[in-house]
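Undergrad: From first to last, the protein sequence lines stand for chains D and E.
With the UniProt record's numbering, letter number 701 in the first sequence gets 701, and the count goes up by one each step, no holes.
With the UniProt record's numbering, letter number 54 in the second sequence gets 54, and the count goes up by one each step, no holes.
Keep in mind that the hints were calculated from the coordinates and are not lab data.
Here the structure is a predicted model, which means the values were calculated and not measured.
Hints are all accurate, no fakes.
If you only want the chain D side, here are some residues facing chain E, beta carbon under 10 Å, derived:
| no. | residue |
| --- | --- |
| 1 | Ser10 |
| 2 | Ser11 |
| 3 | Cys13 |
| 4 | Leu15 |
| 5 | Leu16 |
| 6 | Lys20 |
| 7 | Glu21 |
| 8 | His23 |
| 9 | Leu26 |
| 10 | Leu28 |
| 11 | His29 |
| 12 | Ala30 |
| 13 | Leu34 |
| 14 | Val36 |
| 15 | Ser624 |
| 16 | Tyr660 |
All C-beta atoms, glycine included, are put in the ideal place defined by N, C-alpha and C.
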Amino acid sequence: MAEAPQPKLSSACGLLAQLKENHPVLKLHALTHLNVFVDYFWPEIADSIPVIESLYEDEDYGQRELAALLLSKVFLYLGELNDSLSYALGAGPLFDVSEDSDYVRTLLAKAIDKYANLRTKAAETNDNSTVIDPRMEAIVERMLDKSTTDGKYRQTIGVAIECRRLDKLEEAVVRSDNVHSTITYCIDVCHSFVKQREYRREILRLMVKIYQQLPSPDYLIMCQHLMFLDEPDGVASILQELLRSENIDDALLAFQIAFDLVENENPAFLLNVRDLLPSPKTQPSEPAQVSESAQPDSAETEIALTTEDAQITDVNQADESTAYTDLLEAVYAKRLTKIRGILDEETSIQLTLQFLHSHNKSDLLILKTIKHCVVTRDKVCHTATVFANAIMHAGTAVDTFMRENMDWLTRAIDWAKFSAIAGLGVINRGHLQQGRSLMAPYLPQGGGDGGSRYLEGGALYGLGLIHANHGKGITPFLLETLRRTNTEVIQHGACLGLGLAALGTSDEEVIEELNNVLYTDSAVASQAAGISLGLVMVGTATMQAGFMFAYAHDTQHEKIIRSLAFGIALTVYGREEEADTLIEKMTSDQDPVLRYGGMYALALAYRGTSNNKAIRQLLHFAVSDASDDVRRTAVLALGFVLYSDPEQCPRTVSLLSTSYNAHMRYGAALAVGIACAGTGLSEAISLLEPLTSDLVEFVRQGALIAMAMVMVQISEASDARAGAFRLQLRKIIMDSQEDNMSVMGAILASGILDAGGRNVTIKLRSKTRHDKMTAIVGLAVFSQYWFWHPLIYFISLAFSPTALIGLNYDLKIPKFTFVSQAKPSLFEYPKPTTVPSTVFTFQMPTAILSTSLRDKIRALQKEAERQAEEMKARKKLTGRQAGKLREAIRDRNRQAERQAWRRMDRKKLVEKLADNIMAANKKAEAEKAETSPGKGKLIIKDGDSKQVDSNAVEKTAPEPSYEILTNPARPSSLTDMSGGSAPGQWGPATATHVAEEPAPPPPFEHSS
Amino acid sequence: MDPRTTEVSQLFERFKAAILRKDFDTCTKLLSQLKIALTGFKSLPPSFEKTPNAVHELTLARDIYEHAVVLSVKIEDQDAFERHFFQLKPYYTDASGRLPPSPQEYPILGLNLLRLLVQNRIAEFHTELELLSASALENPCIKHAVELEQSFMEGAYNRVLTARQTVPHETYVYFMDLLAKTVRDEIAGCSEKAYDSLSVNDARQMLLYSSDKEVVEYIKEEHPEWEIKNGFVFFQRAKESVPCKEIPSLQLINQTLSYARELERIV
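Looking at chain E on its own, in the form it has when it is part of the complex:
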């Protein structure tokens, strides 16, 4: 076995141990080293050179990135998640012919879908979905995300929130929490458009909070422009309707006149 591969494997072992210890600082450091080490392998994307150890190296690299994705969920770093996921993706899409499929593939794809849902990037969500095969859609991890999206779109927010209890994978919890907030933002946005004011009680029910205090806190944090008065929440919408558009009469007259002039010049 290639000494470099061995070295990376050993490093990876230490990384995995660190994850188990939940020693995330060490993890990040090790991960960084691992990624740099991976750039040295020619068999990895984007080169895909056919080296004798290609399969082993690819598997190792894929493992590392899968762990990296999981790690970024654990340290709740969405950017890192995205970065790692994209770097991992070629291993699923382009290296599928060379490698046995990874058991982690669907959970991670599902995670990514969930992330897109959380970030409200619905278009990308559907793009990703289209790339998956029909059998993949049957996978509980993917199915979970798809169902969530459907509920989300229908406005069945309660179902979204209750789905937290039925997560297929423990890493999903983080995103489910975030999703709850996304849902709340949606509801708040809608209420703002729909009502002039709401009683705090109604607002609490609407926003799916268990206590008024939480409602007040949420409003303070996210919507400082709302006003709470006499047990009512006033949505200070920009009430002034946009005045009907003025007709640019002068401009139009000028234009017409110049057309007429040009017409005269036409030979």
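Here chain D stands alone, though its shape is the one from the complex:
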């Protein structure tokens, strides 16, 4: 229908009057003309709707469809979209989908909406009885087909996904010009907009299916999706195929896939993939068979016992001892060993350990300051300092502070001792091989005297922290210890350790043992068992949750109920709608402690989904529950639901952060801390800032911790408030008027701010936007520190090192450099604190105490001098911001670029490299002094192009930035050090400014 002409009429009453005539010809005449002029005269026509309706309803009348069309248009103008749509459907062929008018567009949108709604409802209730108007279906299909043929694939994809028309979706994807990008788009859409877990999986499954049909599938992405779908066999067969390929690039690709999978922290899945990779074929001769079957075992034990070097020798052994059917198999076997190493995460753990150790930049002076300040304070602050130390050095294996302050440490008694020892576990996290020998002095010995039970418990917990998520080796030992002991504290430590070591494995033996402890009904031991049960069965949505729930009702101990409630919450991790019944049961319970668990269940089941329903429920509980605990947790839980969309969180909780209820404010602070962890988001900081000076001490505590979580690894250059926050922390710690609670917060915040030797950040999502289960679970348990301080250590699970690590075919680090065009100050480490200011605060009291006037004057002078000095120091601090250019970068914002770079086809990359080498060399020199941060493009500058060849596999950790220099001697020296050798030997290494040219890596041999 053409655009309606400007009517020459002033009113439609004539036509309307004609409509009431008896003769059909006159009615038709009127209808036809009204239809043309409806855009102008709809208000008048609206008065005559009954007349037109009666025409439409008159079965005998020949022009019913015309009447329906007219009605539909009038209703559209009246804003009655539903009526309009139903009449439009009644208009049949007269309703022209391809017409380009507001009317048709609006109605089509409405039709699609309604259709999508109905389809979703039908799918959700599994109710096939809902009959969808076939006319509507036809319209939607016509739309979809049309946009597909018009080449508007994205449009089709969006609509098809929403309408649950997978058939149309597949068609659109397959027919699109660039299937790869279309699929990527489709998956993005599906992750960000499809809220039902089941349906999302369906779409992903379809995508994988399409991928498989493609001539050149993108295995990287495909494996990511297979992981999301939890289909290890698919991944295993892809990897196998790649490994068996004669092309070395394929093997590299397989390694890359493995690294990417590892990054998503799903150990159970990795284990499955690993086990599904078939062993190489051997010659059917008898001895070979034996050696083959023996081989994997011996390899494992050897790896467990010795260092990385052993892995290489192991391969050699395999070569010698096993007679493979042919050369290809031999190659495959070699590759298989490597990929198993990767999938076991041994490779990546080794690499990050090296990185964290060698680049440790933690500032011991901060700790010393803290230590001096808390002398006069409550034990709580003493313990907090121990925590801060552990967090600061998490994963770096640098325990200088502990060694230097042994006597101070020994002042810790009971649970503080427990925490102090467990802290060793955090510091040495990832030292899978030496973990046990490290902890050996503290571990329970056969006899076990009562006094050391806190030590022993702490050591067991520490073992768990070392082996968190990779506890295959240690679980039997922990189990054994747990069985042997009856001491509550040791049980406590062992349970936590087991929970960490067997995280997400659903190991039945572990579960049984934990259950045994649980049913002893001892407040201390069962508490740990409750949490650990959850940890072991995280995300399994098992039946066990029912038993836990029942026991939570039986027991009298609130601690046990709380831990069980939390454990139950862990079991529904990531289950979304599946968890609804359980959540409903928990949140409607009489016991506030169980409702509290229900909040966590909501948080974890809907982690990172930004699900509106979950948010609504949490907000409801936040304002309506009678218990402060529940309310606080409900707000806090918002952080977990919203971390996928950090910008949204401050907005959502901003109102709650000004609540009259201190618990709500605390919850809001932590929610922001969790959701915006490591982002340095400006809104988040603005929201937290006022809370750090709240009237209530525990709110200050929470706000400080949250602020540290948000600001971790944010340099002053990217947000000036980072420097101010450090000063604030120091002020709080030194202020003798300050409450213990907030001092504890400040100490912990200092620890988190400089976590992992200033080389880690808190990340809840991997760069492929998968949720990092371990990290999320870690933060969730961490947030429980409110009730049980030792749980603070769980935050170490959420740390991920910020490094860019390149590897070659031999999984060694080649020498390579790249140029970052970001300002170096953006990634600069904070300047180390200076001594004078710390001395100053401690001498001041003595100066004031002096009685003689002269002394007083002298003291005043001294003070003035010191102040001047301090001012100078501070000035220096900010003045130096511009900094020198560093080769290494820490580039959060450029993550996207790097991802793109990583995904780039390897061959293209090499070509590009060659092209860029010349340009980059020149450019780098030219731009050394002045670099533009806006572009953020990465160029590879290669000093030794032989080494970065097509053999190089790039493995980037989610966050940027350091070259890792391999030093094969290091692992052994690590052991030495932990054995008691002077840590000073690493001092110079850590202190070396990165601007210096890093030492070239040792030569490495290709093993082939």
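Knowing the structure of chain D, use the given hints to seat chain E on it.
TA: Frame of chain D; chain E shown alone:
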């Protein structure tokens, strides 16, 4: 000349002859045919296409509808009147630039005003009035209707009834008769509110009837709920006054309590 136009003209001639013969059945039939024939002309509203014969056709169509309006008065069909009048109206409003004004325009507009008055659609009456120009208001046909309305509103019902004698056009008589009845209904409605009872004699005067018999008949027909007893008319008004509204106390208490609860929840 277009053969179709000729055909319509001939049909129209027959129609006019039939009116003169007062053969209304034939008229209606012919009119129906005429209207259908008119839908074929593109120059007519709502299209207003500029065809060579536009003026002639428009004039013809307007003539036909004017006659149709008059016919509907003659056959005393108010619905048909309204229908035809609305279809005629575009010829006056939208086609005024293309056509010489019709001599019938004001009488017909006046008729329409009268009809609205009869149907007691005062609001529409005034809407129509507002659309007329000042000079149009001077036209005796319009003036008549306006004066009637004024008298009607003032309650000078006698003037309304006497105005029947001074109709500007013979077609007005029909509506004037109807108007008398409208007036009577008004009076009856007022009396009902104003009096508990009236003597039949007073009622006769009030309702402007000449004999008691007419009064009784009127009451029987229009107000069967009234009672005539002992020479008095009793208006059986719904005497029971509406009881004063009950305060929904329970509901209010509930509401207040829930507000209080909500207030507690406000963060």
